[in-house]
Structures are given as C-alpha cells and as structure tokens.
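Next come the chains, spelled out residue by residue.
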Amino acid sequence: MIRLTDQPFDPGAALNRFSAGRLGDGAVASFLGIARGAADQAVALELEAYPGFTERQIAAFIETAIRRFALTDAEVIHRFGAIAPGEPIVLVLTAAPRRREAFLACDYLMDYLKSRAPLWKREHGPAGPRWVEPTARDFMDLERWAAPAG
Amino acid sequence: MVRVLLFGRLRDLAAWRERAFDPDPPRLSALKALIAAEDPRLAAELDAPSVRAAVNRELALTDCDLAPGAEVAFLPPMSGG
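As they're listed, the protein sequences go chains S and Z. My numbering numbers the first residue of the first sequence as -15 and each following residue consecutively. My numbering numbers the first residue of the second sequence as 2 and each following residue consecutively.
For the record, the hints were derived by calculation from the structure and aren't laboratory data. Please read all numbers here as calculations on a predicted model, not as lab measurements. Backbone N, C-alpha and C fix where the C-beta goes; we use that ideal spot for every residue, glycine too. Heads up, a few of these hints could be off.
In silico SDA-like cross-links for lysine to any residue, where the CA-CA straight-line distance does not exceed 25 angstroms [stated by the list, open to error]:
#1 Lys33(Z) <-> Glu59(Z)
#2 Lys33(Z) <-> Tyr34(S)
#3 Lys33(Z) <-> Trp115(S)
#4 Lys33(Z) <-> Arg100(S)
Reference excerpt, derived from the structure (chain S facing chain Z, CB under 8 angstroms, subset only) [what the hints assert, rightly or not]:
#5 Phe37
#6 Arg40
#7 Arg51
#8 His62
#9 Pro69
#10 Ile73
#11 Val74
#12 Asp91
#13 Met94
#14 Pro102
#15 Trp104
#16 Trp115
In isolation and in its complexed conformation, chain Z is listed as follows (with noise of 0.2 angstroms):
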C-alpha cells in the first residue's frame, strides 16, 4: 500500500487530502499513471513543473521507484514565511 498525501491547492483540486493506493505502485510514475486513469485534470497538475514529489519525506528529483508501504507527498509551490 502506497500512501498518498496532497497539500495545498491539489487537495482542494483532487477533494482528498490522503489516500491510500493498493496493491503498490512499483514507479513514482505508475503511481501517477493511477491517478490520471480516475483524475486526469489532478494528474495534468501533478506534472506540473512547479510541483515537487517527496518519497518518504525526501525530495524526488526525477521518477523513482517506490518500496512497499511507501509514503508520496505532491507539493505544490511553497510559501512560508
């Protein structure tokens, strides 16, 4: 089970904020595949230049694997301060 956290204006997009995605996406970009396949105008977001994966708590550069039970957070851009 991969869990999947949304933040920002993607939560208020995709009307979730957590899901779960099971069984486990192998890739970051299968895991993004399932989601355009029920959501594509969320996906199109997600592809977003400005938006940035992390794969358990770490910034993800590029497509990477996903182990099991792996936590993916999109993050739209951020504004701190």
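Okay, chain S solo, but in the shape it has when bound (with noise of 0.2 angstroms):
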C-alpha cells in the first residue's frame, strides 16, 4: 500500500498498525527517512508530486518487491509539499516470514523511491532553495539490484 500525504504522520502509530496481528510473520523491517536541516528552519524541503502517477508508480516499486523478495505485505508512507527539519518524510514497511527478506526489500525500496519515484525535491540551504538530482551514489545503489536476486 502507499500513502502520499502533505501532513505530518506518526511512524510509530504506523508500525504499531501494519505490525499487528501477524501471527505467521516473524520479521518486520522499518526505514524511516527524516528531513535535515537546522533549528532555526521553518522549511527543510519541499517534495513535489505528480497525484495520481506518482502512487501509481511507488505501488508497482511495492508489487515487484513484495514478489522479488516474497514478503507478505509491504508499505510506503512519503510526504509531499512543504516539510520542516527533523519531520519524517518517509517510512518504509515491509514484512516476512524471515528477517533477511524483510531487510532486503526495505533497502531495495528506498534505492527506487531515491531515484525512480516520480518526485522531485527542493532544498532549503543557506544558498537558498535547490532542486536535488539523483547523485552517482543512489544510482550506483539502484544498479545493485539490476543483479539477480540474493
């Protein structure tokens, strides 16, 4: 499932919801994603999307995941418009019968949402507002599952 929003959300309330219940599952994996920024920022970064494409898009990332590593349910969360420092912009959730695949498909998912999510990010620096492009890193990452799976 994924879930745009230009609210803050609780990451914790989500855990605690996708966690329960799962009687056959022993693993669940979290990544959650929090804006940099100083103190004095009223706005750490501004996400923009594209409603309707972009979920579209972050639900295919999740039904290849949820098939590549054959988790039993797996969750994105991730903010849009304008986010204040130390604010979560993303929480990722997956879960497994076993740890590893858990892990695994967490990892795979933010390298996706890094550079093949239809969002585009604005910082807030000292220099003023910038967009951010993908850096050789997260391209370098996303090429690590290009590889078959394991």
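Two chains, two frames, a set of hints: combine them into the complex.
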C-alpha cells in the first residue's frame, strides 16, 4: 500500500498498525527518512508529486518488491509539500516470514524511491532553494538490484 | 487540446506549470516542436536524456502518438525518499 500525504504522520502508530496481528510473519523491517535541517529553519525541503502517477509508480515498486522478496506485505508512507526539519519524510514497512527478506526489501524500496519515484525535491539551504537530483551513489545503489536476487 | 504539465526544475525554467496546446499536436515530437518554436531553452531541456515524458500517466519511452485530450508530463530526474 502507498499513502502520499501533505501532513505530518506518526511513524510509530503506522508501525504498530502494520505489525498488528501478523501471526505467521516473524519479521517486520522499517526504514524512516527524516528531513535534515537547522532548528531555526521553518522549511527544510519541499517535495512535488504528480498526483495519481506518483502513487501508481510507487505501488508498482511495492508489487515488484513483494514478488521478488516473497514478502507478506509492504507499505510506503511518503510526504509531499513543505516539510520542516526533523519531520519524517518517508516510512517503508515490510513484512516477511524471515528477517533477511524484510531487510532487503526495505533497502530495495528506498533505492527505487530515491531515484525512480516521481517526486521532485527542493532543499532550502543557506544559499536558497535548489532542486535535488539523484547522485552517482544513488544510481550505483539502484544498479545493485539489476543483478539476480540474493 | 493537449494538456502539458511540467515538474521540478522544468517548471522554474519555463515559468509555467500547466498549459493547453490547441489544436492538438498529433505526436510527442510535434508537441516538442511547438514548444521549441516559442522557448528553445525549455525545448533543449526537454530533449535531455535525463528528462522522461509520461503520456496519460504512462512513461513514454520514445516518440508516440497523442490522442486528442492527452495529458503529457515532462519529468526531470526524480528524487524521493
């Protein structure tokens, strides 16, 4: 499941809800991305989405991850709009019978979100706002998944 | 009428987010030619290998036909997470 929201969300509540009642799953892994910034900044970054398309693309990554890592379930919550320093930007949750697949799928989904999800990030730094593009490292991270699974 | 959407730095460069082109350009390449005629700098950016196009919310890999009323989005490098 993918949820895009322009409001702050509670990652603890989301983790509890996702984990509840999973009698057959031994493992839930999570990744939380947080907006970096200084305490006196009102806005750390802005994220622009393409409503409808962004959810659909992320949903496709989630479906692929579920198949590739034989997950029981996976969920992504992603902010858009203006985000304050210290606020959660993204939460990835994965559930699997065993921990290895849950960890790997979290890593996989974050790599796809970083450089393949239709979101555009503008950071507000000391020199003013600037659009962020994926780094060489982000593309290398994504490239790792081109090799056969495992 | 073809509706064109720009995102990220393309929107800043063009100084618009959404525009309608009428009459309908029949192909993606024809739409780009219309844009090039009035804003060559934007058109050059749209042709960069890192910029993807989506037609009716499906990624378009190459030039393609545009149905009347199509929605075309130009997507600069994406950066979520």
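- Which earlier hints can't be squared with this structure? Those not satisfied are hints 7, 9, 12.
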